[in-house]
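Asks: Please put together the full structure from these sequences, using the hints given.
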Amino acid sequence: GEDVEQSLFLSVREGDSSVINCTYTDSSSTYLYWYKQEPGAGLQLLTYIFSNMDMKQDQRLTVLLNKKDKHLSLRIADTQTGDSAIYFCAESTGNTPLVFGKGTRLSVIA
Amino acid sequence: GAVVSQHPSRVICKSGTSVKIECRSLDFQATTMFWYRQFPKKSLMLMATSNEGSKATYEQGVEKDKFLINHASLTLSTLTVTSAHPEDSSFYICSAEAEGQIQPQHFGDGTRLSIL
Chain G
1 GEDVEQSLFL
11 SVREGDSSVI
21 NCTYTDSSST
31 YLYWYKQEPG
41 AGLQLLTYIF
51 SNMDMKQDQR
61 LTVLLNKKDK
71 HLSLRIADTQ
81 TGDSAIYFCA
91 ESTGNTPLVF
101 GKGTRLSVIA
Chain D
111 GAVVSQHPSR
121 VICKSGTSVK
131 IECRSLDFQA
141 TTMFWYRQFP
151 KKSLMLMATS
161 NEGSKATYEQ
171 GVEKDKFLIN
181 HASLTLSTLT
191 VTSAHPEDSS
201 FYICSAEAEG
211 QIQPQHFGDG
221 TRLSIL
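If you read the protein sequences in the order shown, they are chains G and D.
The first sequence runs contiguously to residue 110 in this note's numbering.
The second sequence runs contiguously to residue 226 in this note's numbering.
The hints are simulated quantities; they were obtained by calculation from the structure and are not laboratory data.
All of these numbers come straight from a predicted model, not from anything done at the bench.
Heads up, a few of these hints could be off.
Mimicking DSS-like on lysine-lysine, the simulated pairs with C-alpha atoms at most 30 Å apart in a straight line are [stated by the list, open to error]:
(1) D:130 with G:102
(2) G:68 with D:152
(3) G:102 with D:151
(4) G:102 with D:176
(5) D:152 with G:102
(6) G:70 with D:151
(7) G:36 with D:152
(8) G:102 with D:174
(9) D:152 with G:67
(10) G:36 with D:151
(11) G:70 with D:152
(12) D:130 with G:36
(13) D:151 with G:67
Replies: Next up, the structure:
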């Protein structure tokens, strides 16, 4: 079945850029998403990208998609302590449940 | 944006109790609702998919008699954990989807269930 893989941990200093990586296996993925989960809370959609796009930028967030390698990344510029959370990559073909990665725990050191 | 409300946010109860969790879409009609379970430091595990007015589709390994799902209207789905035991303690999250939306699922804030 479909699989989404992420590294489990990332630690960065406040003010630096964070890059969270994700790989997926389903070549028919149409939508790719990044969600943020703070402790004890549900999932907050950060951004998404269609499979026919290479890059999307939204304020401090930049998503890069390499469809050939099935690789997705999320770059957070000027990382702040409030960015500390778990970040989930997810993919969908549009008419199936989302498939989530295991999440990357981002720790921001002041 | 679209809002999904999930209640209660936290439940602590004794073993053997049945617990009902509600998931409501506040400003859109949810044709499909999803129930997830999240173990500590783990990803979300899809438990079941429910469509309004029909029986839920359960994922492999999820006991349908243990986790009763009702999707009686386009804005409300409920998950009832029957005769809960300590191993059912977990974080349960619902999400709702409306046809035609770019973002396929809007998530509730989750319910922390603790069975003593």
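Asks: Are the Cα atoms of residue 68 of chain G and residue 152 of chain D separated by 30 Å or less?
Replies: holds (28 Å)
Asks: Hey, residue 36 of chain G versus residue 151 of chain D, does the alpha-carbon distance stay inside 30 Å?
Replies: holds (14 Å)
Asks: Within a Cα-Cα threshold of 30 Å, do residue 152 of chain D and residue 102 of chain G meet the stated pairing?
Replies: holds (6 Å)
Asks: Quick one, are residue 130 of chain D and residue 102 of chain G close enough, alpha carbons at most 30 Å?
Replies: Cα-Cα ~27 Å, so holds.
Asks: Tell me if the straight-line CA distance from residue 70 of chain G to residue 151 of chain D falls inside 30 Å.
Replies: Answer holds: residue 70 of chain G to residue 151 of chain D is near 25 Å, not above 30 Å.
Asks: Residue 102 of chain G and residue 174 of chain D were given as a pair; does the straight-line alpha-carbon distance stay at or below 30 Å?
Replies: holds (25 Å)
Asks: Do the alpha carbons of residue 130 of chain D and residue 36 of chain G lie within 30 Å of each other, as the hint requires?
Replies: holds (26 Å)
Asks: Within a Cα-Cα threshold of 30 Å, do residue 36 of chain G and residue 152 of chain D meet the stated pairing?
Replies: Judged against 30 Å, a Cα distance of about 14 Å means the pair holds.
Asks: Would the hint linking residue 152 of chain D and residue 67 of chain G be met if the CA-CA limit is 30 Å?
Replies: holds (26 Å)
Asks: Between residue 151 of chain D and residue 67 of chain G, is the straight-line Cα distance small enough, at 30 Å or below?
Replies: holds (29 Å)
Asks: If you draw a straight line from the CA of residue 102 of chain G to the CA of residue 176 of chain D, is it 30 Å or shorter?
Replies: Measuring from Cα to Cα gives roughly 25 Å; hence the hint holds.
Asks: Starting from residue 70 of chain G, check that the Cα of residue 152 of chain D is at most 30 Å away, please.
Replies: Holds, at roughly 23 Å.
In the structure shown, no violation is registered for any of the earlier numbered hints.
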